[in-house]
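Peer 1: Below are the chains, spelled out letter by letter.
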Amino acid sequence: MKRLIGFFRELTLYRSAVLGILIIGGLIALALYAVIALPYNEAIRRWRGGEEIWGNYPRNALPQWVTIFTGNSLPMTIVLDSRKEGSVRKEAQVVSDDMSTADIIMPFEYTSDGFPSEINLFLTAKYVQKKPQATMFWKTPDGRQIPLGDTTVGAAERFAISIDQRLTSRLGGLSPEKGLFVDPATVSSGAKPVPLKGRYQLVIEGLTFEEDSTLEAKLVVYGQVYGLAGTDHRRRDITVALLWGTPIALAFGFLAAVGSTLTTFTIAAIGSWFGGWLDALIQRITEINSVLPILPILILIGTFYTRNIWVILGVVIALGIFSLSIKTYRSMFLQVKEMPYIEAAHAYGASNLRIVFQYMMPKIAPVLIPAFVTLIPAFVFLEASLSILGLGDPVLPTWGKVLNDAYTNGALYKGYYYWVIEPAVLLMLTGLGFATVGFALDRIFNPRLREL
Amino acid sequence: MATETLAKRQWALPRIGIRVPDTLARIVKYVLYRGVALFVTVVIGVYLTVLIANMGGYLDTIRISQIREQIGASILGDPALQTLSANELRANIDERVAIEMRRLNLDQPFFLRSINYLTDALTLNLGRAEFLSSNSGSRQVRLVLLERIPPTLLLSATANLSLFFTAIFAALFLSRRYGSFLDRLVIAMAPSSSVPAWFYGIFLILIFASVLHILPFGGMVDVPPPESMPQYVASLLKHMILPVGALIFHSIFVGIYNWRTFFLIYSSEDYVEMAKAKGLTSGAIERRYILRPTLPPIVTSFAFTLIYLWQGAIILETVFAWPGLGRLLYQAISSFDVPVIVGNVVLLAYLLVTSVFLLDIVYALLDPRVKVGGERRP
Numbered sequence: 001m002k003r004l005i006g007f008f009r010e011l012t013l014y015r016s017a018v019l020g021i022l023i024i025g026g027l028i029a030l031a032l033y034a035v036i037a038l039p040y041n042e043a044i045r046r047w048r049g050g051e052e053i054w055g056n057y058p059r060n061a062l063p064q065w066v067t068i069f070t071g072n073s074l075p076m077t078i079v080l081d082s083r084k085e086g087s088v089r090k091e092a093q094v095v096s097d098d099m100s101t102a103d104i105i106m107p108f109e110y111t112s113d114g115f116p117s118e119i120n121l122f123l124t125a126k127y128v129q130k131k132p133q134a135t136m137f138w139k140t141p142d143g144r145q146i147p148l149g150d151t152t153v154g155a156a157e158r159f160a161i162s163i164d165q166r167l168t169s170r171l172g173g174l175s176p177e178k179g180l181f182v183d184p185a186t187v188s189s190g191a192k193p194v195p196l197k198g199r200y201q202l203v204i205e206g207l208t209f210e211e212d213s214t215l216e217a218k219l220v221v222y223g224q225v226y227g228l229a230g231t232d233h234r235r236r237d238i239t240v241a242l243l244w245g246t247p248i249a250l251a252f253g254f255l256a257a258v259g260s261t262l263t264t265f266t267i268a269a270i271g272s273w274f275g276g277w278l279d280a281l282i283q284r285i286t287e288i289n290s291v292l293p294i295l296p297i298l299i300l301i302g303t304f305y306t307r308n309i310w311v312i313l314g315v316v317i318a319l320g321i322f323s324l325s326i327k328t329y330r331s332m333f334l335q336v337k338e339m340p341y342i343e344a345a346h347a348y349g350a351s352n353l354r355i356v357f358q359y360m361m362p363k364i365a366p367v368l369i370p371a372f373v374t375l376i377p378a379f380v381f382l383e384a385s386l387s388i389l390g391l392g393d394p395v396l397p398t399w400g401k402v403l404n405d406a407y408t409n410g411a412l413y414k415g416y417y418y419w420v421i422e423p424a425v426l427l428m429l430t431g432l433g434f435a436t437v438g439f440a441l442d443r444i445f446n447p448r449l450r451e452l
Numbered sequence: 453m454a455t456e457t458l459a460k461r462q463w464a465l466p467r468i469g470i471r472v473p474d475t476l477a478r479i480v481k482y483v484l485y486r487g488v489a490l491f492v493t494v495v496i497g498v499y500l501t502v503l504i505a506n507m508g509g510y511l512d513t514i515r516i517s518q519i520r521e522q523i524g525a526s527i528l529g530d531p532a533l534q535t536l537s538a539n540e541l542r543a544n545i546d547e548r549v550a551i552e553m554r555r556l557n558l559d560q561p562f563f564l565r566s567i568n569y570l571t572d573a574l575t576l577n578l579g580r581a582e583f584l585s586s587n588s589g590s591r592q593v594r595l596v597l598l599e600r601i602p603p604t605l606l607l608s609a610t611a612n613l614s615l616f617f618t619a620i621f622a623a624l625f626l627s628r629r630y631g632s633f634l635d636r637l638v639i640a641m642a643p644s645s646s647v648p649a650w651f652y653g654i655f656l657i658l659i660f661a662s663v664l665h666i667l668p669f670g671g672m673v674d675v676p677p678p679e680s681m682p683q684y685v686a687s688l689l690k691h692m693i694l695p696v697g698a699l700i701f702h703s704i705f706v707g708i709y710n711w712r713t714f715f716l717i718y719s720s721e722d723y724v725e726m727a728k729a730k731g732l733t734s735g736a737i738e739r740r741y742i743l744r745p746t747l748p749p750i751v752t753s754f755a756f757t758l759i760y761l762w763q764g765a766i767i768l769e770t771v772f773a774w775p776g777l778g779r780l781l782y783q784a785i786s787s788f789d790v791p792v793i794v795g796n797v798v799l800l801a802y803l804l805v806t807s808v809f810l811l812d813i814v815y816a817l818l819d820p821r822v823k824v825g826g827e828r829r830p
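Line by line, the protein sequences give chains C and A. For the first sequence, this note's numbering gives the first residue as 1, with consecutive numbering after it. For the second sequence, this note's numbering gives the first residue as 453, with consecutive numbering after it.
Isolated chain C, as found in the complex (with noise of 0.2 Å):
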């Protein structure tokens, strides 16, 4: 222990090394968040729980914070359902027997700069034969009214008002999301187009014809930045899987790390200790594996088989198992056996195994660590690497899945930079983080290298 705590003095002589250490204790600290705020079951169910978990985000959506840096406020999404309370107002009538109105306004202030990204308008009614009706309107804070149609509503309805070609053309060419919102002055002077702000109303004249029939309706003015990250093609919320690619990339880099760094020390004592047969098999095994093409046969397995993670994880254990570093280690357990401490061991009579365990492997364990610490960002990129190539885990979110939805749906292309850029500079500060400290640690513990 106290051997540990000097190790650790040693390291935070290293400017870059601390540095290092806090970039490593935030990624834990996320992780751990992760992990408690946002129970496993529940990023999942976030991840992957279909449209009415997203349904009301807004589609590649910013980040919320870039309004900072660009200085105008963009739109956040609105939501108005008439099945809550809020400013939504709802007004029935009976006209006769059957028949009755059912009026729906919606009010909203809209102040933002910029437009909305997409208007859906969700219709329920309740009935058992016949349909209700819709009639829409579209008022503007300047007073004037915009006919959106009439429809008769079925059970759920989704009427998308954005992609409404006539009202486009009614609209003189402008897309609905801008041309509701478009104040008329800037577009007659043709100067470009900036919203109207105010009040703004949508009005629903429904009828419906059976007694117990009701109709609802909920608008969606879908908004250009959404929480932490923003979000993707499907409008899901990127944050959710920043949040858990972080527990996710540690655990497979140092579970794989310890994995294949433990078995190569084992095996490297094994076979220096015995010598003979079994040393010449386990180097000629080290050979052959040095030169498999371990992304390929992961490529290979990840299509064929499974893209489940952990068995991924445990491929890669296993072709790390007779890694090259088998050498290194047993130039160095060569060494420890001739040493005085063995001899005296061997006279009174400990077990080979007892000598491998107790004696040789506590003697050169240290230099694991450096080892061991550089090892986790190559297998935290491996796992981003096979994700890029969209042989990722198919259920868990992680850091190379976001990189890999943005790159199919060409965001750089696009233009959604924050889609790459977030999950990178994760991976980037994983990586940079733990080579850093490994490099202090591979100078503390190989002393050559230490005044050079």
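No more than 25 Å apart at the CA atoms, straight line, and that leaves these computed lysine-lysine pairs for PhoX-like:
hint, chain 1, residue 1, chain 2, residue 2
1, C, K130, C, K90
2, A, K690, C, K414
3, A, K481, C, K327
4, C, K2, C, K363
5, C, K197, C, K139
6, C, K126, C, K84
Here's a subset of chain C near chain A, in silico, CB distances under 7 Å, partners left out:
hint, residue
7, V291
8, P293
9, P296
10, S385
11, L432
12, F439
No lab work stands behind these hints, which were simulated from the structure alone. Here a beta-carbon is modelled for each residue, glycine too, at the ideal position from N, C-alpha and C.
On the provided structure of chain C, position chain A as indicated by the hints.
Peer 2: Okay, now just chain A, sitting in the frame of chain C:
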């Protein structure tokens, strides 16, 4: 990485080469030994690939469906058999498929079959692709694969060679200015290699293609390809800047760092002090007393860099849409073209081993222990 360097340092100091008559024989013997060892490696690697690919019976299914398709076409097209009823035709097809399967040993136990696949794969007799085709329209996996080698080779050779020489000279320069600002900068930047090249590629695309619009997003030449040769080359170079830049940025700092550390270690040896005392020029000291003894271990480390680069190229090419083997593998995965996936892995194993073998020959020429037949490489 850390421990690797330690191992290299523990190698005995090379004895300066004394020419003996059988130097050539020793080199040939060494190269042959390595050649056989590497061939065994390829065989094992390819056999592993075949096992993985065929564990679920994928290769078998493909072979059988290909046979069935061929035989079906030939029977349906045979005017002599037109008079048969549908059932008789089907029976006829089944019978011929059975014969063909026996001829191709598909009815034999798995072990024997896998040996067949192994020899097929080793001779690059890879069958027909299911979806992908070569530029000339051929479905032969071998042709699909072979035309992808030059782009991959162009990319990795350019990057690796420029990396190798830049790193050597920069390291020599820094080892003379040990402790300077530049030296410390390189040490500080060395951890940048923990991030793979494709990753820097994404950032480079973001900066130079998406934001600045001065370099292309990807691909190898403009579309359509320029007609005249100089324009073609110019377009090719323009497309190469970002991927090569990503590869170089990935390993340049750690490369310089490792080399410089070696040079510093070797330049503190007694015989270097001796050479200095003799009044040799610093150039001569560098060439004869520092570079020479450090070369063999660095060639080995270069071999391993190459292994990682061949594999790293898979993703890099995907990111840059570079039409090489790596991108082909990505396309084959996306369209689930099994023969191409297997063929690609086999070819990658071959390329990997070939490059290691070439470096082994270089190693044999450089390492005096091989030349004079001292102790074997540890």
